[in-house]
Amino acid sequence: MRGSPAFLAILLGTIFGVLGASLSKALRYKAPDECKWVTTGDAEDDVSLVCRLRTINSELENTNFSVIQPQHTVRLRLECSDALFYQSSLSAGSFRPLVELRELVIEYCKIGNLSDDAFKGLRELRNLTVRTHNTDWSAMALDVSAGAFTDELRQLEKLDLGENNMWGIPEGALCPLVNLEVLNLTRNRLRDITGFRFNAAARCLTNLRELDLSNNSVESLPSAAFSGLTRLHSLDLRCNAISFMADRAFEGLTSLAILRLADNRLASLPPELFSDAKDHIQEIHLRNNTLSVLPPGLFSELSRLLVLDLSHNELTAEWVNAATFTRLVRLVVLDLSSNRIARLDPTVFRDLYSLQILRLQENLLESLPENTFSALYNLHTLLLSDNQLTVIDATTLSGLYVLSLLSLDNNRLHTIHPGSLRNASSLQDFHLNGNRLTSVPDALKATPLLRTLDLGENLISEIPSGTFDHVAQLYGLRLTENHIGNLTKGVFDRIKELKILNLSRNRIQYIEPGTFDENLNLQAIRLDGNQLTDIAGLFTKLPNLVWLNVSDNKLKWFDYAMIPTGLQWLDIHSNEIRELGNYFEIETQLQLSTFDASENKLTEITGNAIPMSVELLFLNDNLISKVQSYSFFKKPNLTRVDLKGNQIRNLEPYALRISAVPSDRPLPEFYIGDNQYLCDCTMEWLQRVNRQNQTRVQPRVMDLESIYCKLLYDREHAFVPLVEASHSQFLCKYDTHCFALCHCCDFDACDCEMTCPNNCTCYHDQSWSANVVDCSNGGHVNRLPEQIPMDATRLYLDGNDLRVVSSHAFIGRKKLKVLFLNSSNIEIVQNRSFNGLRDLEDLHLQDNRIRELRGHEFEGLDALRQLHLQRNHIAAIGNDTFAPLRSLRMLQLQNNRLTTLAIWSLPGSIEISLAGNPWSCECDYLQSYREWSRDPSVRVADAAVLRCVYNVTEFEAFGDEVFADDEFGFSMSAAPGDRERAGNESAVCTGAISVDNDMHHNYTKTIIEKQVLQDYLPLLVATSASSLVVILLCMLAFVFRHELRVWFHSRFGVRIFYRNNEVDRDDRDKLFDAFVSYSSKDEAFVAEELAPVLEMGNPSYKLCLHYRDFPVGSFIADTIVQAVESSRRTIMVLSENFIKSEWCRFDFKSAHHQVLRDRRRRLILVLVGDVHQRDLDPDIRLYLKTNTYLQWGDKLFWEKLRFALPDVPNNQRATQRTRQPPPVRRQHNNRTSNGSRTVSVHI
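For the sequence shown, numbering that gives the first Met the number 0 begins at 0 and goes up steadily by one.
Possibly wrong hints are sitting among the right ones.
Unchecked claim - Calculated pairs, DSS-like style, for lysine-lysine (alpha carbon to alpha carbon, straight line, at most 27 Å): (1) 540 / 555; (2) 1194 / 1101; (3) 625 / 555; (4) 643 / 633; (5) 709 / 643; (6) 1194 / 1069; (7) 814 / 732; (8) 119 / 29; (9) 1069 / 814; (10) 495 / 444; (11) 709 / 814; (12) 1069 / 1101; (13) 553 / 625; (14) 813 / 1101; (15) 709 / 555; (16) 600 / 633; (17) 555 / 643; (18) 600 / 553; (19) 625 / 600; (20) 498 / 488; (21) 643 / 553; (22) 814 / 1101; (23) 498 / 540; (24) 633 / 709; (25) 495 / 540; (26) 625 / 732; (27) 813 / 1069; (28) 488 / 555; (29) 498 / 553; (30) 1080 / 1101; (31) 157 / 35; (32) 488 / 540; (33) 732 / 633.
As the list claims (entries may be wrong) - Label-pair ranges, simulated between beta-carbon atoms: (34) 786 / 727: 17 to 27 Å; (35) 786 / 941: 36 to 46 Å; (36) 294 / 349: 18 to 28 Å; (37) 720 / 128: 50 to 60 Å; (38) 413 / 128: 50 to 60 Å; (39) 743 / 689: 18 to 28 Å.
Keep in mind the hints are simulated off the structure, nothing from the lab. Backbone N, C-alpha and C fix where the C-beta goes; we use that ideal spot for every residue, glycine too.
Kindly generate the complete structure, drawing on both the sequences and the hints.
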């Protein structure tokens, strides 16, 4: 215990000493900008510096290496940006201060020149790498100066100048590097190697051990080119263009062990090529040349050779003979593949008893002599694939005692002798695919250690029992693309270790249940491309099965009970399955992650038909027409679903609903295109599915932009892109419909009940804001269809035989916007036929027999923008016919019988078509027309072809021919004088003006006599004073206009400055005078104060109240909308209770938004108590700022409220006055002893 303080002191001293040493090193060495340093691990104080620069000494920047701490910096790595193509440079002595530097690496710096003394001062340098990667910039090449590498670099051991786009190096420039051992010059453009002075006379780089000249442009190797490199161990000349080698090209390379000459253009080799390297050479790579000749004895002296690669040449049996490989007793790998060898000498391999790998694939071998491989008792890999072998005899493979891999695939084998493998008992991998075998070879009985067997692409038609009894260790069996028929139980029972079984592309129609029951280790089975109709009882007892493919069969039915629960990958596509069965409801037990059920006959997708574990689900190209709601709900691993190419017409809003996806995971990707979508009223949600991902409960539809859908009803487009369809194009058919607040649906003549007329088809959108009634070609004769829905927005009556459009024929259809009456044989349009259609915008009356418009036919069409009257028989139009059409922007009157038109009565800013009418040629009319047509707001669409006619009878006699002959008239686009000056004497307008024009045109004068100002001065003063008084009174009346209106209304019942047709002209048929919206907590105020005064006062109003008039159990948002629509006004009792309770509810708020935004002139706000502006909804706040509201407690509150309410007709006042007051349910505001509250139907 007494030694513990001393021990603690020593421990603390050690810790602080280590920390101090580390801190002192960090403080002692400060890295420059754009650099960082790391310890090398070589010595305690040595560091390595890594600098990432843009360039070195370029036009962008100057680089100063003197800021680098010279002491202890032993390694420096400079990396330039590979994205900037600016030339860098190294000046002489750039690295002189770095006297301790042992390794320098320069990468990606586009250096154009290594100048003299570029590395001056680096006496300790051992490794130097300069890789400019100038090959990325083809115009840039590295030039090396003769003095770039001086005697100061004599310690350099490794020099890497690869990938510099160098064309050459000055002769002897590398000779000062006397200790250089590794030289890398790969990936340049070097052509000549003599300048390196590698010969014995120059004695340059004599210590070099590795030389890499690969990927250059060397074309020839002269004699003794490397004779001075007596210590060279590895020479790499791959990927050049060498086509010539001198007899003594490798003279002096006495230590050469590895020679790489692959990928050149050598056609032959000198006989004495390897004479100096025969004692050391171990690897020779001559792959991919054009060698067709091998000199005798070329390799015979290479007693230490281990690897010889002669593949991909043009060698034949003439040059690969018994003498080619003699005395190569140490050869381990011999590659003769991809040549033209058609036969083998029986003794060609007699000396290769050390050979372990022999590659003879892709030759022209037709047969193998007896005992060809008998000397190769160490051979473990023999590749004979892609030849032309037909038979394997009993002695063909003799002597191969340790053979483990034998490839005979893609030959023409039809016979394998049963005893051919008797010496190859160690065989583990046997490839026989792509041959002509008709049965499984009996020779397999001699291979008990066999692990993989490939018998695919043969002609095997039967597998008898016991075939695989002798290969119990087999774990991979491939039998694809044979002619195998049925499989019986027991055929695979003895191969207990079997893990992978491929039986695809056969003719299997039936597999006996239990065939695979003994193969408990099976992990993957392929049965695709067969003719199976049932898989029941085949796989359920395979606990390790994870991969199963039974696609492209003839399966009629499927149930998840047919597969083991541990299966992870299942492919059943291209079958005839109509339903994904789940009889035992095991979707939660399955581990299936990838499931492909595409190209079947599935018709419906349900939730329990999809495993909960699935990640990738492919259901494309089926017959699916229905996807049930929540089919993909509670599938947390889902990442992709493919539903393309089905017959889906409608998707319900919850059909694609998924479980909420965490924000750190991407949404599942759904593909739903190439279906037959119908854009009805239930499909509008899909248009916005990718924009409703805030809650992350809908997937991302990846092909939404490419989806086209068929419109249920549209006369212009049959198919439109889904994302471009408008709200009014999503329609559904209906026969009858009754709104929730409609109480007369059980009776005839009910305006709020919509019934589609006979011989008509009716459509509506989801919100019933669009209501299309199509009665085209419905056989309606002499009268309109009965019971046309009051809320119709588009009405098509074309193609009928109506004859007459009677007065007020469409009364009450106040929402109608488009009306087609064309091609209906209409002869008479009576006065005010369209009265009540205040929202009508488009009226089609073309192609009828109308003869005359007298002036009152179109009254009440204030919103009409387009009027089509072309191709009728109209001969006269009253002057005031178009005067009520203040919004008219397009009028088509072409091809009628008009001679004149009161054009001055037409609305401004109009586009009109007038051609095909026999217009009058009278001068006064033409002058009026031309003055009117010069108005910039007027556009005559067919002005260029507009013509007048002298005599209307000629038009009646000859028809449209009069417009083609100047004898009958002339063009109205030019003035008559212009035509006279052009020499056309006949084109003269008619009438008195043409006769007297020249006489009176220049002599008419207006004489203005001067009056004395003094005579009118008193009158002028009096008039001015009166005008000022009137203006002052008008200003006062304007400032206090609201008070005046309220006072007049309360005093005399008269509304001044008020037009009835603004609001109330179509509200008289509403069920209620006002709908009162209030909080349930304010019911006492409404029931005791507001409602009694309004309902029992004079006048008395009929109110719609929550507790009294709302149907029990109805959906509140729809009920509120119907209540607003059924009331002439909406009174909103705005209080703190209203804001904090009801207004926070989504359904209530969404229902009232329609009142605030679309019907503001019918909304009456009553403020009760203190309501803070900051608590209000933006829409209510805006309404309060821009409109008048009522404050409870105002002295004129009741007068202002009655003024805001609509007038009650006199015939209703008496009946309403006799009505008893409604019962007030005061119990709504009382509390029971336990705090509960009795409430009737409230918001």
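**Message:** Checking one constraint from the list: CA of residue 813 to CA of residue 1069, max 27 Å. Satisfied?
**Reply:** holds, 13 Å
**Request:** Take a quick look at whether residue 157 and residue 35 sit within 27 Å of each other, Cα to Cα.
**Result:** holds, 24 Å
**Message:** Can you confirm whether the C-alpha distance between residue 495 and residue 444 stays at or below 27 Å?
**Reply:** holds, 16 Å
**Asked** Holds or violated: residue 600 with residue 633, Cα cutoff 27 Å?
**Response** Holds, at roughly 25 Å.
**Request:** Could you tell me whether the CB distance from residue 786 to residue 941 stays inside 36 to 46 Å?
**Result:** For residue 941 against residue 786, whose Cβ atoms are near 41 Å apart, the range 36 to 46 Å holds.
**Message:** For residue 498 and residue 488, compute the direct alpha-carbon distance and say whether it is at most 27 Å.
**Reply:** holds, 18 Å
**Message:** Next pair to validate is residue 119 with residue 29; report whether the Cα-Cα distance is within 27 Å.
**Reply:** holds, 24 Å
**Message:** A range of 50 to 60 Å was offered for this pair. Does it hold for the Cβ distance of residue 413 and residue 128?
**Reply:** For residue 128 against residue 413, whose Cβ atoms are near 59 Å apart, the range 50 to 60 Å holds.
**Asked** Is the Cα-Cα distance between residue 1194 and residue 1069 27 Å or less?
**Response** Roughly 30 Å separates the two Cα atoms, so the pair is violated.
**Message:** Hinted pair, alpha-carbon criterion (27 Å max): residue 709, residue 814. Please report holds or violated.
**Reply:** Holds. Residue 709 to residue 814 sits at ~26 Å (cutoff 27 Å).
**Request:** Would you mind confirming whether the straight-line C-alpha gap from residue 732 to residue 633 stays at or under 27 Å?
**Result:** Violated: residue 732 and residue 633 sit about 34 Å apart, past 27 Å.
**Distance restraint hint 18 to 28 Å, applied to the beta-carbon atoms of residue 294 and residue 349** = holds, 20 Å
In summary, the numbered hints that this structure violates are 6, 15, 24, 33, 39.
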